[in-house]
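Asks: Chain residues, written in single-letter form:
Protein chains: 2
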Amino acid sequence: AIRDAILHILTPDRSLAGRRILVTAGPTVEPLDPVRFLSNHSSGRQGYAIAAALAVRGADVTLISGPVSISVPDGIHRISVQTTREMLAACETALPVDAAVCTAAVSDWRAKELAPGKIKKTGDGPPRLELVENPDILATLCCAAQRPRLVVGFAAETDDVLDNAQAKRLRKGCDWLVANDVRQGVFGAMRNTVSLIDDNGIQSWPEMDKTDVAEQLAQRIAAFFAHPSS
Amino acid sequence: AIRDAILHILTPDRSLAGRRILVTAGPTVEPLDPVRFLSNHSSGRQGYAIAAALAVRGADVTLISGPVSISVPDGIHRISVQTTREMLAACETALPVDAAVCTAAVSDWRAKELAPGKIKKTGDGPPRLELVENPDILATLCCAAQRPRLVVGFAAETDDVLDNAQAKRLRKGCDWLVANDVRQGVFGAMRNTVSLIDDNGIQSWPEMDKTDVAEQLAQRIAAFFAHPSS
Numbered sequence: 002a003i004r005d006a007i008l009h010i011l012t013p014d015r016s017l018a019g020r021r022i023l024v025t026a027g028p029t030v031e032p033l034d035p036v037r038f039l040s041n042h043s044s045g046r047q048g049y050a051i052a053a054a055l056a057v058r059g060a061d062v063t064l065i066s067g068p069v070s071i072s073v074p075d076g077i078h079r080i081s082v083q084t085t086r087e088m089l090a091a092c093e094t095a096l097p098v099d100a101a102v103c104t105a106a107v108s109d110w111r112a113k114e115l116a117p118g119k120i121k122k123t124g125d126g127p128p129r130l131e132l133v134e135n136p137d138i139l140a141t142l143c144c145a146a147q148r149p150r151l152v153v154g155f156a157a158e159t160d161d162v163l164d165n166a167q168a169k170r171l172r173k174g175c176d177w178l179v180a181n182d183v184r185q186g187v188f189g190a191m192r193n194t195v196s197l198i199d200d201n202g203i204q205s206w207p208e209m210d211k212t213d214v215a216e217q218l219a220q221r222i223a224a225f226f227a228h229p230s231s
Numbered sequence: 002a003i004r005d006a007i008l009h010i011l012t013p014d015r016s017l018a019g020r021r022i023l024v025t026a027g028p029t030v031e032p033l034d035p036v037r038f039l040s041n042h043s044s045g046r047q048g049y050a051i052a053a054a055l056a057v058r059g060a061d062v063t064l065i066s067g068p069v070s071i072s073v074p075d076g077i078h079r080i081s082v083q084t085t086r087e088m089l090a091a092c093e094t095a096l097p098v099d100a101a102v103c104t105a106a107v108s109d110w111r112a113k114e115l116a117p118g119k120i121k122k123t124g125d126g127p128p129r130l131e132l133v134e135n136p137d138i139l140a141t142l143c144c145a146a147q148r149p150r151l152v153v154g155f156a157a158e159t160d161d162v163l164d165n166a167q168a169k170r171l172r173k174g175c176d177w178l179v180a181n182d183v184r185q186g187v188f189g190a191m192r193n194t195v196s197l198i199d200d201n202g203i204q205s206w207p208e209m210d211k212t213d214v215a216e217q218l219a220q221r222i223a224a225f226f227a228h229p230s231s
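Residue numbers (our numbering), protein chains in the order written: chain D, 2 to 231; chain V, 2 to 231.
Hint data in this document are derived by calculation from the structure and do not stem from the laboratory. Be careful, since some hints might not be right.
Remember, identical chains collapse to one label, so a pair may be satisfied in a single copy or spanning two.
Cut-off 30 angstroms, straight-line C-alpha distance, at most; resulting in silico cross-link-like pairs (DSBU-like, lysine-lysine) [claimed, not checked]:
1) K113 <-> K211
2) K121 <-> K173
3) K122 <-> K211
4) K122 <-> K173
5) K211 <-> K121
6) K211 <-> K173
Use the sequences and the hints to build the structure in full.
Replies: Written out as C-alpha cells, the structure reads:
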C-alpha cells in the first residue's frame, strides 16, 4: 500500500478526471420508534474503499452513506442518510452522474408505521411489527430518465450466490453486478471474495483486501470510460 | 477532568475496594437472518463512564456490553455479547456481585425464528416478522437467589418519563432506578439529564456530562456500601 501510494504520487493516474461518480455505502437504518430500529451488518468498508479509489483517479465522487464508523476519505463529498428513502432521495438529487456504484446494503423493508413514542412492553405480548417494502434504489437508478452510463450493483448473498446474483442483475437492469458471499463474516472484515457479473458472464476474483477489490473495480471503471464499447 | 484526574492520583478514593460490581451497557442486537437485525440507538457511553468511575474507586468491575464503538476503560474486564439472552447468561455467570448497574438498552423482543439464510425479497410482499419477548435481565437479577445487595436499573423513556420510571422500578424490584428522557437525542450524546428514583422518592439531577452522572452515581454507590442503611 505504501509502494502504491508513492507510485500514485510519482505517476498520478487521472483516468477518471472529470467523471462524476455516485457511490452508496453502509447500511440503511429503519426506525420502529424513537429508540429501536431495523438494520444490517454492513460496515461500509468496501464502498468507502471504492469511493477512495475512484477519487484518487480524479473522479468527482459523491458518497451517500448510511451510519458507519469509518471516516470520510480525502477529497470526497459525503452525504449522510439514515433510511432507504433518504438514500434514494439523495441519489436522485445527485443525478446526472457518469456512473453509480451501489454498494450500500439497503433495508428492503421498513416498519409500516413509525411509533411516535417508545413502544412499551405490555401484558399482551410482543407488538405486531408490520413491514412494507422500501423503494429499490438500484432498479430506480437503472430506470431513471438520467440513467448513469454505467450502473454497478452489489449483491450480498448467503445461498446460491452466483445464481441469485445473475438473476438480480437482470431483474434490476444494472450493467455490472458484484456478488459476494457473506456467509463467512465479510461484514466488518478487511478482506472480500467477489465475482463480477456482466454481459460477458462471470469473472470470479481471488480473495483480496477490500482496498484491492476497490482498485480492481476502479481500473475497470476507468477502462470502461476509456473504451466505452468494452 | 484533568484536575479531577490529578486529584485522584494525589488522594485516591478507594471507597469501593473489594466490591464486585456488574455493569451492563450498550444495545443488544437480535438477528433476523445472517445479515439483518433489530437493535436500538444506545451508544454505551453512560454505562462505560459508570464502569470507569466505579473502577477508579477500586471496585472489581465486570462490564457486559453489547456492540459499541468505544474502547474499554482501563482495568475493566469486558465481556462482549450480541443478544439479550447472551447478556443475561453473562450476567448470571458473573454472580455473585455486590452491586449490579444495568444501563444496557436490551431489546425487549427478538424474532421468533432466526432465518438460516438471507431472507429474499419475493413477489409476495414483505415477510411476516413474528416477535417473541426476551427475558427481562433487570427483573431476573432482582429475583435471583444470589441477588446483588444493590441493583440499579435504567429507564430510557420518551413519554411520561417519571411515571413510567416509577412504575418500572416497582415492577422490576430494583433498588434504584435512573430515568432519562431520550426524546432529545441522548443516545450518542455526551450529556445527560437524569432522575434517580429510590424508596425516598425522586431526585432530579441537572443536565451534566455523562462522566459527571457516572461520578455522582459512583459516589452514591460508595456511600451505600459505607452506610448500608441509607
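Asks: With reference to the structure, classify each hint as holding or not holding.
Replies: Do the hints match the structure? See the list:
no.	hint	result
1	K113 <-> K211	neither (35 angstroms within a copy, 35 angstroms between copies)
2	K121 <-> K173	between (39 angstroms within a copy, 14 angstroms between copies)
3	K122 <-> K211	between (42 angstroms within a copy, 27 angstroms between copies)
4	K122 <-> K173	between (40 angstroms within a copy, 13 angstroms between copies)
5	K211 <-> K121	between (42 angstroms within a copy, 25 angstroms between copies)
6	K211 <-> K173	within (24 angstroms within a copy, 47 angstroms between copies)
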